[in-house]
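Chains as they are written, first to last, in the working numbering: chain A, 11 to 124; chain B, 9 to 121.
No lab work stands behind these hints: they were computed from the structure.
Predicted, not measured: the structure shown is a model, and the values here were computed from it.
Each hint should be verified, as a subset may be incorrect.
Claimed, not checked - Calculated pairs, DSS-like style, for lysine-lysine (alpha carbon to alpha carbon, straight line, at most 25 Å):
#	chain 1	residue 1	chain 2	residue 2
1	A	K111	B	K22
2	B	K78	A	K66
3	A	K70	A	K87
4	A	K66	A	K87
5	A	K123	A	K78
6	A	K78	A	K66
7	A	K111	A	K123
8	B	K91	B	K65
9	B	K79	A	K111
Stated by the list, open to error - Among chain A residues calculated to face chain B with C-beta under 10 Å, some are:
#	residue
10	G19
11	Y40
12	S42
13	G53
14	L102
15	K123
16	P124
The beta-carbon is built from N, C-alpha and C at its ideal position, and this holds for glycine as well.
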Amino acid sequence: GDSVTQMEGPVTLSEEAFLTINCTYTATGYPSLFWYVQYPGEGLQLLLKATKADDKGSNKGFEATYRKETTSFHLEKGSVQVSDSAVYFCALSDPRTNAGKSTFGDGTTLTVKP
Amino acid sequence: DGGITQSPKYLFRKEGQNVTLSCEQNLNHDAMYWYRQDPGQGLRLIYYSQIVNDFQKGDIAEGYSVSREKKESFPLTVTSAQKNPTAFYLCASSIIQGGTEAFFGQGTRLTVV
Numbered sequence: 011g012d013s014v015t016q017m018e019g020p021v022t023l024s025e026e027a028f029l030t031i032n033c034t035y036t037a038t039g040y041p042s043l044f045w046y047v048q049y050p051g052e053g054l055q056l057l058l059k060a061t062k063a064d065d066k067g068s069n070k071g072f073e074a075t076y077r078k079e080t081t082s083f084h085l086e087k088g089s090v091q092v093s094d095s096a097v098y099f100c101a102l103s104d105p106r107t108n109a110g111k112s113t114f115g116d117g118t119t120l121t122v123k124p
Numbered sequence: 009d010g011g012i013t014q015s016p017k018y019l020f021r022k023e024g025q026n027v028t029l030s031c032e033q034n035l036n037h038d039a040m041y042w043y044r045q046d047p048g049q050g051l052r053l054i055y056y057s058q059i060v061n062d063f064q065k066g067d068i069a070e071g072y073s074v075s076r077e078k079k080e081s082f083p084l085t086v087t088s089a090q091k092n093p094t095a096f097y098l099c100a101s102s103i104i105q106g107g108t109e110a111f112f113g114q115g116t117r118l119t120v121v
C-alpha cells in the first residue's frame, strides 16, 4: 500500500536559518502530494501541494518540488521565523481512486528559536 | 465562511462512559474522516464515510462508532470499550475524488478522568 516517510524530529533551528524537512513516498500510481502544518492545539492546515512530477508547490515562503525519480517531496524554506514553529506533515492522495483518503507521514516538529 | 466545526474543544470522560464528539461541515463535501492523534505521533484513521448512511472502518476502529445520517454531520462516539481514549481527535472532509486535499476541524481533546 501507499506510505509516506518523513525525517524524524524534532528539528530545532535559529531564526533566519534554512529549513529542509525530508519526505519520501511509496505509491503504485502517480499521487498528489501535500504538506500540512499543525500549530499547537489546532487542526491541520494545507500548506502547499503538487499534483504531478516536477510541479513546485509554494506558500508563505515554503516550497516543495515533486520529484518522481527520487519519489520525494522535501519541504524547504530559506529563512525560518519563530512563528513557523509547528508540526509539519507530508501526505499523499491517489487521484485514481474515488475514496478521497490521504496517507500521512508521522509529522516533524519544528522549533525556531529567536 | 465554509469550514469544519468540531465540538467541544475539550471533553472529559469518566471511566465506563460513552461520549460523542461532534463534527459538522458546510463545504458540501461527500467524504468525511475521523483521525486520532497521540502526543508526538502522526494521524491514525478511525472511520471514514464517502456517502450518507455508509461508512467504513479505518485502522483503529475498535471501541469507536460513527453515524452519517446527514451529509453535513459525522459524529464519533467513543465507547467504554475503548481502553485508552485519551487523545486529540481530528475530523476532516474532502471531495470524493482522490488526489485532493483534506480540510480539518480544530480538534477535540478528550481526557479520561
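Cross-check of the supplied hints:
1. At roughly 33 Å between alpha-carbon atoms, K111 of chain A and K22 of chain B are farther apart than 25 Å, so this suggested pair is violated.
2. About 37 Å separates the Cα atoms of K78 of chain B and K66 of chain A, which puts this hinted pair outside 25 Å; it is violated.
3. With a CA separation close to 9 Å, the supplied pair K70 of chain A and K87 of chain A stays within the 25 Å bound.
4. Proposed proximity of K66 of chain A and K87 of chain A is supported: the alpha carbons are some 13 Å apart, at most 25 Å.
5. Annotation: proposed proximity of K123 of chain A to K78 of chain A is violated, straight-line Cα distance about 34 Å (limit 25 Å).
6. At most 25 Å may separate the alpha-carbon atoms for a hinted pair to count; K78 of chain A and K66 of chain A meet this at roughly 12 Å.
7. Restraint check for K111 of chain A and K123 of chain A: not satisfied, since their Cα atoms lie roughly 35 Å apart, outside the 25 Å limit.
8. Proposed proximity of K91 of chain B and K65 of chain B is supported: the alpha carbons are some 18 Å apart, at most 25 Å.
9. The suggested pairing of K79 of chain B with K111 of chain A holds, with an alpha-carbon distance near 17 Å, which does not exceed 25 Å.
10. Evaluation of the G19 of chain A hint against chain B yields a held restraint, the C-beta minimum of about 9 Å falling below 10 Å.
11. A distance limit of 10 Å between C-beta atoms decides the matter here; for Y40 of chain A the minimum to chain B is near 9 Å, and the interface restraint holds.
12. Annotation: S42 of chain A was flagged as interfacial toward chain B, and the flag holds, the nearest CB pair being 4 Å apart, inside 10 Å.
13. About 4 Å separates the beta-carbon of G53 of chain A from the nearest beta-carbon of chain B, less than 10 Å, and the hint is met.
14. The interface hint given for L102 of chain A is met, as the beta carbon of that residue sits about 9 Å from the closest beta carbon of chain B, less than 10 Å.
15. Restraint check, K123 of chain A versus chain B: the minimum CB separation of about 19 Å is more than 10 Å; hint violated.
16. With 10 Å as the threshold, the beta carbon of P124 of chain A stays out of range of chain B, its nearest partner Cβ sitting at about 24 Å, so the hint is violated.
Comparing the model with each numbered hint stated earlier shows that hints 1, 2, 5, 7, 15, 16 do not hold.
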